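**Q** Kindly generate the complete structure, drawing on both the sequences and the hints.
Read off the chains here:
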Amino acid sequence: MKISAQTIVVLTLLIGCASQRLVITISPCTTEIYKNNAYSKADDINRALTKLTQSGVPGVTFAMYSSEGWFETSSGFVSLEDKLSMQSCHLQYLQSISKTYMAVALLKLHEQKKLDLNKSITTYLPEKYSRYISDAESITVNMLLNHTSGIPEYNSVPSYVTKLLQQPDYLFTPEDYLAYIEKKPLEFEPGSRYIYRNTNYVILALIADAITGDHAVFISENIFKPLGLHQTFYRNESNYLDYPNLTQTYWDRHSNNILENVSALQRNNVECLIGDDGIVATAHDAVKFLKGLMEGKLLQPETLELMKAWINNRNGKPEYGLGLDYAMLGGHEAWGHSGGGIGAGCQLYYFPEKGLYFFVGINLGTVTDSPIHKQAETALNELYKAMLD
Amino acid sequence: MKTRVVVLACLFAYSVSAQETPKNYTDFPIIVTIQFHALSLPFKNLKGNFKNVGIGIGTEVGHNKKQTWVTQVGVLWYHNKHVGNGFMPHVQTVWRPTVSDDVYTELKAGIGYLLSSRPVNSWKQINGTWEPVGRKGKGMLAIPVGISVGSNTIASNALLSPFVTYQFMLASGYNTSLPVVPATILQTGVRLHQKS
Chain A
1 MKISAQTIVV
11 LTLLIGCASQ
21 RLVITISPCT
31 TEIYKNNAYS
41 KADDINRALT
51 KLTQSGVPGV
61 TFAMYSSEGW
71 FETSSGFVSL
81 EDKLSMQSCH
91 LQYLQSISKT
101 YMAVALLKLH
111 EQKKLDLNKS
121 ITTYLPEKYS
131 RYISDAESIT
141 VNMLLNHTSG
151 IPEYNSVPSY
161 VTKLLQQPDY
171 LFTPEDYLAY
181 IEKKPLEFEP
191 GSRYIYRNTN
201 YVILALIADA
211 ITGDHAVFIS
221 ENIFKPLGLH
231 QTFYRNESNY
241 LDYPNLTQTY
251 WDRHSNNILE
261 NVSALQRNNV
271 ECLIGDDGIV
281 ATAHDAVKFL
291 KGLMEGKLLQ
301 PETLELMKAW
311 INNRNGKPEY
321 GLGLDYAMLG
331 GHEAWGHSGG
341 GIGAGCQLYY
351 FPEKGLYFFV
361 GINLGTVTDS
371 PIHKQAETAL
381 NELYKAMLD
Chain B
1001 MKTRVVVLAC
1011 LFAYSVSAQE
1021 TPKNYTDFPI
1031 IVTIQFHALS
1041 LPFKNLKGNF
1051 KNVGIGIGTE
1061 VGHNKKQTWV
1071 TQVGVLWYHN
1081 KHVGNGFMPH
1091 VQTVWRPTVS
1101 DDVYTELKAG
1111 IGYLLSSRPV
1121 NSWKQINGTW
1131 EPVGRKGKGM
1141 LAIPVGISVG
1151 SNTIASNALL
1161 SPFVTYQFML
1171 ASGYNTSLPV
1181 VPATILQTGV
1191 RLHQKS
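Top line first, the protein sequences correspond to chains A and B.
Per the numbering used here, the first sequence runs over residues 1 to 389.
Per the numbering used here, the second sequence runs over residues 1001 to 1196.
Don't read these hints as lab results, they were simulated from the structure.
Be aware that one or more of the hints could be misleading.
[Said to hold, decoys possible] Looking from chain A toward chain B, a few residues come up when the C-beta cut is under 7 Å (computed):
#1 165
#2 167
#3 168
#4 260
[Stated by the list, open to error] No more than 27 Å apart at the CA atoms, straight line, and that leaves these computed lysine-lysine pairs for DSS-like:
#5 A/184 <-> B/1044
#6 A/83 <-> B/1081
#7 A/374 <-> B/1136
#8 A/291 <-> A/41
#9 B/1047 <-> A/184
#10 B/1044 <-> A/183
#11 B/1124 <-> A/374
#12 A/83 <-> B/1124
#13 B/1195 <-> B/1108
Remember, it's a predicted structure, so these values are computed and weren't measured experimentally.
Quick reminder that beta carbons are idealized off the backbone N, C-alpha and C, glycines included.
**A** Pasting the structure below:
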């Protein structure tokens, strides 16, 4: 077999392009921030964030809104390689917090009478997707929203995890994710209990696609634009994560306090995720979203109440609504969501008793354990205390 | 998958009834391999099984007259851009029934110590400062299990045995959330027995 000079040139270019995808540039950013150094708890919060980065987390960014107004701050590095400081204007991976946005989109469709939450998912989901789901007829849209469907998890299937790590350039399709649960029985009778499963929100995105044509456009038109979220992005263009102000991300692969840059893997992974993940935003925009939601700028009051119809866990404690997590943080009731990925972790919550919203995001992976997490947890508790006491 | 299992079972069943010692077999041959490594479950993501090449060298010693039971020792190295390179000394017990004078099969299982490096340079916080620590990775106990098919080419004073092997390996202690990770090693190589 002869290989011509042209073939060699083409192959060289292809190899060059493939390697180039892995090069990610990061830069300091300059968008407007709300430092508010006069904020009464600024010192305590900064101290807690410094403790967080001294525990081995590369970088952290924080935004909050309370009766004193906005306060934003950051600590550590957005890039260890470039020794660039984390700033409030750097984009963070919202990971599973994206589920709250997805739920709002579905509830908007419900308000527009385009979706009945109590109908079977087979009413809306094309057969090419529903064929992967056991007993799909017995599952309602509402069950997907509050994780009571019994549909198994796709992202803990060993063959998915190994493929993700070994072939990080592979672009998974929603059908690929569903293929990992094909022929698997439901984990429990639909509606009988709660188990958090990412698969539920992949299916919700596909339902929204079937109704609207493109769920990402629908989210942009019905959430980002009305709230003026100019630094929030979700599948708005091809390679939508190629932003110079998107944080670099790190992973403690072997749980031994050593971090490697997994930005390429993180970016490719998140770029493929739909419904259950995929949104990137500044800390400010994340808080602005939750604040807008709670203040009724996105949904009618009765629909917002549906989001807070908490499902209890096995201990009889409230756990999850429709895309909203019920948590006790620092001893206080909080509504919102947390998120974790291979290279990032975050929390976005509202404390109803305090009228306080906050987002905290780190560029360290939280899906696998690291000794760093334990120390970070202590610092997080200090952060809650600084905010709330 | 079912067809593969049936074919292999027939091959091994037949080979049990036709065992012959290949001529010119000697202990301590040179075994040279080229292999492809992948973090993967067996027979999954097959395209990915051919991407991360490596080399290996080893030898073996027989335990019975027909050389159907042997112990192999060796080291292998592979380059894996995405999950990190690996170097593994290993020892395996091999059951090697022959199918005919020219063709043999193997079932093998053993133990190895996998030194897996990181795919990129890494960082550690030491006294509040981030220090580069290179690609140094982790040592893990590994259990490789494999099947092979090979042939014997007999020369005047040598035995040349090319073979292909499909090995599945479990490495322990990858991290605290993934205590065991699977890998596949697809090998092709040759055993050279040279009579002095």
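**Q** If you test the structure against every hint from before, which numbers come out violated?
**A** Hint check: nothing fails, all pass.
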